[in-house]
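**Student:** With the numbering used here applied, the sequence shown corresponds to residues 1 to 412, in that order.
Treat the hints with caution; some may be incorrect.
Straight line, CA to CA, 16 Å or less: simulated EDC-like cross-link-like pairs of lysine to aspartate or glutamate [what the hints assert, rightly or not]:
| hint | residue 1 | residue 2 |
| --- | --- | --- |
| 1 | Lys-85 | Glu-215 |
| 2 | Lys-92 | Glu-345 |
| 3 | Lys-92 | Asp-402 |
Derived Cβ-Cβ restraints for the label pairs, each shown as a range [stated by the list, open to error]:
| hint | residue 1 | residue 2 | range |
| --- | --- | --- | --- |
| 4 | Gly-325 | Leu-130 | 26 to 32 Å |
| 5 | Ser-280 | Glu-100 | 33 to 39 Å |
| 6 | Pro-262 | Asp-285 | 51 to 57 Å |
| 7 | Glu-381 | Glu-337 | 34 to 40 Å |
| 8 | Arg-69 | Ser-270 | 23 to 29 Å |
| 9 | Leu-266 | Asn-140 | 42 to 48 Å |
| 10 | Pro-262 | Lys-326 | 53 to 59 Å |
| 11 | Ala-153 | Ser-260 | 51 to 57 Å |
| 12 | Ala-153 | Thr-392 | 43 to 49 Å |
| 13 | Gly-86 | Lys-326 | 53 to 59 Å |
| 14 | Asn-140 | Pro-259 | 57 to 63 Å |
| 15 | Glu-381 | Asn-44 | 37 to 43 Å |
| 16 | Gly-72 | Thr-148 | 37 to 43 Å |
No lab work stands behind these hints: they were computed from the structure. C-beta atoms are modelled at their ideal positions from N, C-alpha and C, and glycine is treated no differently.
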Amino acid sequence: MNPPNSAISVLVVGAGPVGLLTTLRLAQAGIKATCIEALDAINNSPRAMAYHPIATKELERAGVLADIRRRGGSSGRAICWRQTKGAALIAKLERSVNKEFPYENLVIGQHELAAIIMEHLQRFEHAEVLFGRRVTSVNNGDDDVSVTVTDEADRETTLSATYLVAADGGRSFIRRQLNITFDGFTYPEQLVSTNVYFDFDKYGWEDGNFLVDPEHWGLIARINDKGLWRVSYGELDGLSHEQLMERLPWKFTKLFPGPSPPDYKLEQFSPYRFNQRCASTFRKDRVLLAGDAAHLCNPFGGLGLTGGLLDAAAVSDALIGIHEGKAGDAILDRYAEVRRTIFQETVDPTSQSNKKRLQDSDPTTVGERDPFLKMLREADETQKQHIRATVTLAVDMSEYYDKREEHVEARL
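Using the sequences and the hints given, assemble the complete structure.
**Tutor:** Quick look at the structure:
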């Protein structure tokens, strides 16, 4: 597909789901978009896999939801909180859809999601993804923004555009080059993320199971209907990769139901540090931050990549508004302010509470003491549907179209 006469062009750094979704949305609007990725292919390590219904809505808007569903990326069943020792149920939330908000919770590996978006991107001649290109410098100018990229043969190329969206992860090179601080903290524990074949269905476990225990806390969630599950759990700080692998069979005996040792097949194993951080600004001149480059939270509750996909939707809508003459450059300040506020006031405190809840010192009484679990146990179906939808995480940037401040001119 060829673009119309485009008013702007955009560089996107980072070919994870956030960067690729941003590139796709821009391409669909006729904007020339180039996505730059340092790796030579999509990263397939076991990271995010669950997305809230409000993110599902945005994936439908981008035209990729039908393909995601065809690949098995959906889950309409329940999540629960249970004691690790004995697996006694604490609280439960059904995730079935309703006609008021007909979007399901999605379950699909982020690498599979990225691959589906990539397939859609390849239909556009005015959009490209450059793998194996490492950004080595950024020039955030008055009239455009440019980057120097180095390929695997150490050849340098300069690329420029009207704007740049940095979706290059928690260690964002772009953010650091622009001296944008990344305020917050790193958790003292490590997180071990594994993909495992085990028959949790035999024991009546739900699609998502939050395990509450001061030592053996974590999440066990269904990846597909072929017996593959994600098992993520907290571990001690300071242990090496080899030591964590040596402890894994013991940890599984503490986390899994049934006789010990459990009969499982390990597919993937990935330990990592995790953070609660937020950039001091999501915009600096012609550069916008999105996804992990803008904010990080712990993975319990599925708010990280959900928030990143909502960033992609919002920054795309803002840039499309400029491209179509419906908004001025100041809408990008709105994007930065609103998305940062949502993270600080909703995502950050909620995700911190989600983790703290799992480490409660008395799992037998947490259901009566924890405000969220108590609310969940007492909520009616309408209230539970509102909890499920999490619509407050999104922002409709079109609300800011045609509201240019008179003293601000679009810098095109």
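**Student:** For each hint, tell me whether it holds in the structure or not.
**Tutor:** Hint by hint, here is what the structure shows:
1. Lys-85 to Glu-215: Holds. Lys-85 to Glu-215 sits at ~11 Å (cutoff 16 Å).
2. Lys-92 to Glu-345: violated (25 Å)
3. Lys-92 to Asp-402: violated (44 Å)
4. Gly-325 to Leu-130: 26 to 32 Å: Taking Cβ atoms as reference, Gly-325 and Leu-130 lie about 29 Å apart, which means the hint holds.
5. Ser-280 to Glu-100: 33 to 39 Å: holds (38 Å)
6. Pro-262 to Asp-285: 51 to 57 Å: Since Pro-262 and Asp-285 have Cβ atoms about 54 Å apart, the given range 51 to 57 Å holds.
7. Glu-381 to Glu-337: 34 to 40 Å: At roughly 35 Å between Cβ atoms, Glu-337 and Glu-381 fall inside 34 to 40 Å, so the hint holds.
8. Arg-69 to Ser-270: 23 to 29 Å: Since Arg-69 and Ser-270 have Cβ atoms about 26 Å apart, the given range 23 to 29 Å holds.
9. Leu-266 to Asn-140: 42 to 48 Å: For Leu-266 and Asn-140 the Cβ distance comes to about 45 Å; the hint holds.
10. Pro-262 to Lys-326: 53 to 59 Å: Given about 56 Å between the Cβ atoms, the range holds.
11. Ala-153 to Ser-260: 51 to 57 Å: Roughly 53 Å apart at Cβ, these two residues keep to the hinted range, so it holds.
12. Ala-153 to Thr-392: 43 to 49 Å: Holds, at about 48 Å.
13. Gly-86 to Lys-326: 53 to 59 Å: At 57 Å between Cβs, range holds.
14. Asn-140 to Pro-259: 57 to 63 Å: For Asn-140 and Pro-259 the Cβ distance comes to about 60 Å; the hint holds.
15. Glu-381 to Asn-44: 37 to 43 Å: holds (38 Å)
16. Gly-72 to Thr-148: 37 to 43 Å: holds (41 Å)
Hint compliance for this structure: hints 2 and 3 are broken, all remaining hints hold.
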